[in-house]
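Asker: If you want the building blocks of each chain, they are given just below.
2 protein chains.
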Amino acid sequence: MSVLGLIAGGGDLPPAVARSVRESGRAVFVVALAGSTGGDWVQDYPHEILSPGEPGRIIRALKAHGVHEVLLCGRVDRPKFSEMKLDAKGMLLLPKAIAAAKKGDDALLRFIVGICEDEGLVALSVAEAAPGLVCRDGAVGAMTPSPDHRADIAAAFAIVRALGALDVGQAAVVCEGLALAVEAAEGTDAMLARIETLRESLRGTAARRRGVLVKALKPTQDAKTDMPVVGVATVRNAHAAHLSGIALEAGQALILDRAAVAAEADRLGLFVVGVIP
Amino acid sequence: MSVLGLIAGGGDLPPAVARSVRESGRAVFVVALAGSTGGDWVQDYPHEILSPGEPGRIIRALKAHGVHEVLLCGRVDRPKFSEMKLDAKGMLLLPKAIAAAKKGDDALLRFIVGICEDEGLVALSVAEAAPGLVCRDGAVGAMTPSPDHRADIAAAFAIVRALGALDVGQAAVVCEGLALAVEAAEGTDAMLARIETLRESLRGTAARRRGVLVKALKPTQDAKTDMPVVGVATVRNAHAAHLSGIALEAGQALILDRAAVAAEADRLGLFVVGVIP
Numbered sequence: 000m001s002v003l004g005l006i007a008g009g010g011d012l013p014p015a016v017a018r019s020v021r022e023s024g025r026a027v028f029v030v031a032l033a034g035s036t037g038g039d040w041v042q043d044y045p046h047e048i049l050s051p052g053e054p055g056r057i058i059r060a061l062k063a064h065g066v067h068e069v070l071l072c073g074r075v076d077r078p079k080f081s082e083m084k085l086d087a088k089g090m091l092l093l094p095k096a097i098a099a100a101k102k103g104d105d106a107l108l109r110f111i112v113g114i115c116e117d118e119g120l121v122a123l124s125v126a127e128a129a130p131g132l133v134c135r136d137g138a139v140g141a142m143t144p145s146p147d148h149r150a151d152i153a154a155a156f157a158i159v160r161a162l163g164a165l166d167v168g169q170a171a172v173v174c175e176g177l178a179l180a181v182e183a184a185e186g187t188d189a190m191l192a193r194i195e196t197l198r199e200s201l202r203g204t205a206a207r208r209r210g211v212l213v214k215a216l217k218p219t220q221d222a223k224t225d226m227p228v229v230g231v232a233t234v235r236n237a238h239a240a241h242l243s244g245i246a247l248e249a250g251q252a253l254i255l256d257r258a259a260v261a262a263e264a265d266r267l268g269l270f271v272v273g274v275i276p
Numbered sequence: 000m001s002v003l004g005l006i007a008g009g010g011d012l013p014p015a016v017a018r019s020v021r022e023s024g025r026a027v028f029v030v031a032l033a034g035s036t037g038g039d040w041v042q043d044y045p046h047e048i049l050s051p052g053e054p055g056r057i058i059r060a061l062k063a064h065g066v067h068e069v070l071l072c073g074r075v076d077r078p079k080f081s082e083m084k085l086d087a088k089g090m091l092l093l094p095k096a097i098a099a100a101k102k103g104d105d106a107l108l109r110f111i112v113g114i115c116e117d118e119g120l121v122a123l124s125v126a127e128a129a130p131g132l133v134c135r136d137g138a139v140g141a142m143t144p145s146p147d148h149r150a151d152i153a154a155a156f157a158i159v160r161a162l163g164a165l166d167v168g169q170a171a172v173v174c175e176g177l178a179l180a181v182e183a184a185e186g187t188d189a190m191l192a193r194i195e196t197l198r199e200s201l202r203g204t205a206a207r208r209r210g211v212l213v214k215a216l217k218p219t220q221d222a223k224t225d226m227p228v229v230g231v232a233t234v235r236n237a238h239a240a241h242l243s244g245i246a247l248e249a250g251q252a253l254i255l256d257r258a259a260v261a262a263e264a265d266r267l268g269l270f271v272v273g274v275i276p
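Keeping their order, the protein sequence lines are chains A and B. All the letters of the first sequence, read from the start, carry residue numbers 0 to 276 under numbering that gives the first Met the number 0. All the letters of the second sequence, read from the start, carry residue numbers 0 to 276 under numbering that gives the first Met the number 0.
Please note that a few of the clues may not be correct.
Same chains, same names: a pair is fine if it fits in one copy or spans any two.
[Stated by the list, open to error] Under the rule of at most 20 Å between Cα atoms (straight-line distance), these lysine to any residue pairs were calculated in the SDA-like manner:
| id | residue 1 | residue 2 |
| --- | --- | --- |
| 1 | 217 | 164 |
| 2 | 217 | 1 |
| 3 | 88 | 203 |
| 4 | 95 | 176 |
| 5 | 79 | 118 |
| 6 | 95 | 60 |
Hints are computed from structural coordinates only; laboratory data are not their basis.
With the hints as constraints, model all of the structure from the sequences given.
Answerer: Written as structure tokens, this is what we have:
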């Protein structure tokens with residue numbers, strides 16, 4: 000199999016993907032996006048650090064390392080175009096990139112993937128490159144949702160779908176029929192952190208957990224670029240928000256380190272479940 | 000004209016309504032809902048303080064004061080039914096009230112209004128009882144939105160409508176095409192407060208204001224019970240979030256003290272505008 004080209008944004012997903020791909024016996028070359036990719040993990044792989052404004056250099060680096068298949072994942076901050084390092088191709092494409100960025104983060108991701116495809120590279124989804132990370136139907140740990148939890152899960156999926164169609168967010172928290180929080184630009188962790196600031200009558204407590212977190216792919220999103228992701232940190236944050244559990248769409252979400260997520264969910268008494276909504 | 004019965008929840012709307020109605024020459028009798036209504040303003044009016052679990056006593060008090068027309072407004076906290084003071088009628092209706100409360104705050108408000116209507120009282124909207132508070136088409140102060148602001152206003156209205164149809168929230172903030180925040184159970188002020196925690200590249204700054212707040216009636220809501228409300232505090236909070244302005248649906252939102260809102264918006268350099276979306 001050819002070398003996989005991983006164009007890496009921020010967060011825990013890119014290193015999990017790199018590890019999963021390498022463990023499956025395939026070599027990985029990483030393009031770390033300057034200003035987005037954090038952490039030292041790229042040092043473990045052949046890599047270059049390049050600006051999203053240098054698509055010409057990105058394509059040349061990928062091809063020089065024998066890459067035919069490419070995967071873009073992780074969080075890409077909306078760049079400050081005025082401060083961005085640009086190569087010739089970047090300057091040429093800048094007006095289109097700015098227009099894409101104005102339409103939302105997803106449009107920007109699709110734009111970058113599109114440039115790679117125009118150059119003859121094949122864009123893979125995380126599910127294709129690292130199938131072991133995809134959430135399956137059923138409980139991840141020992142706990143399972145009750146019928147009341149199932150009703151809240153269905154309500155939260157309806158909210159996330161409605162919002163996702165408008166490219167707003169990927170996540171919502173519902174507690175006994177009431178929407179406690181909806182994600183926009185702040186991200187899932189910040190959304191979970193504010194649950195505790197709500198009136199106690201609306202939410203769970205340490206003594207009595209209530210409410211479910213649902214994360215789902217936006218209908219406007221391409222599974223190639225931005226599946227929702229749950230990791231050990233998500234389980235801990237849901238626990239700190241006094242939630243009963245987390246639900247994901249089976250086949251349409253990623254679980255980073257399934258064994259560790261199951262162990263943490265069991266330890267903290269939460270369910271983590273893949274469902275077919 | 001008969002005495003207006005004002006069943007008052009929390010927030011700034013009930014005192015503004017009471018003042019507007021009295022200034023129009025009509026007498027007001029206030030039922031302050033125990034646990035929801037705050038502040039000393041009820042002392043200026045004939046009133047009784049009663050629990051939402053005492054619908055029998057509420058109806059008797061209204062009728063004893065010659066009330067034929069009633070208006071319920073202000074924030075009603077989802078009650079802790081186990082701790083609520085109940086009269087005989089309250090006990091009888093409790094199962095229905097709990098079922099309504101589970102469907103969301105709006106269902107609970109509609110339930111209380113329904114009890115009044117079953118007893119032969121006529122439920123008025125704020126627009127009917129205090130027409131001077133209704134937002135009109137056009138700018139409230141001196142500032143007006145630019146074409147770019149208009150695009151963000153349209154995007155935010157689309158988000159609020161989609162969410163409102165699911166009984167989630169009334170407000171959203173959009174900045175140059177990106178949804179920065181969406182309101183759920185935390186309320187508009189808490190939503191505005193978190194804008195500043197977002198990455199600076201996404202939002203406005205003190206030096207360069209960006210983004211608009213839109214508040215709109217939920218499609219599931221009855222204008223009789225819960226029109227969105229903007230006051231001087233909303234203008235100040237939008238300013239603190241570095242927004243460019245606030246947009247409301249003309250005829251479907253309330254402005255508490257229009258002159259004061261216009262003066263504060265002008266002082267802080269924000270637009271406040273009623274639009275027909």
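Asker: Go through the copies and call it for residue 79 and residue 118: within, between, both or neither, with a Cα cutoff of 20 Å.
Answerer: Neither: 25 Å inside a chain and 61 Å across chains, both beyond 20 Å.
Asker: Between residue 95 and residue 60, at a C-alpha cutoff of 20 Å, which is it: within one copy, between copies, both, or neither?
Answerer: neither (22 Å within a copy, 66 Å between copies)
Asker: One pair to classify: residue 95 and residue 176, alpha carbons no more than 20 Å apart. Within, between, both, or neither?
Answerer: between (42 Å within a copy, 15 Å between copies)
Asker: Since the copies are identical, ignore which copy is meant and state whether residue 217 and residue 164 lie within 20 Å (CA to CA) inside a copy, between copies, both or neither.
Answerer: For residue 217 and residue 164, the Cα distance is within 20 Å both inside one copy (6 Å) and across copies (18 Å).
Asker: Can you give me the call for residue 217 and residue 1, within, between, both or neither, at a CA distance of at most 20 Å?
Answerer: neither (31 Å within a copy, 53 Å between copies)
Asker: From the Cα coordinates, with 20 Å as the cut-off, is the pair residue 88 and residue 203 best called within, between, both, or neither?
Answerer: The answer is neither: 52 Å in one copy and 30 Å across copies each exceed 20 Å.
The structure fails hints 2, 3, 5, 6 (numbered hints given earlier, in ascending order).
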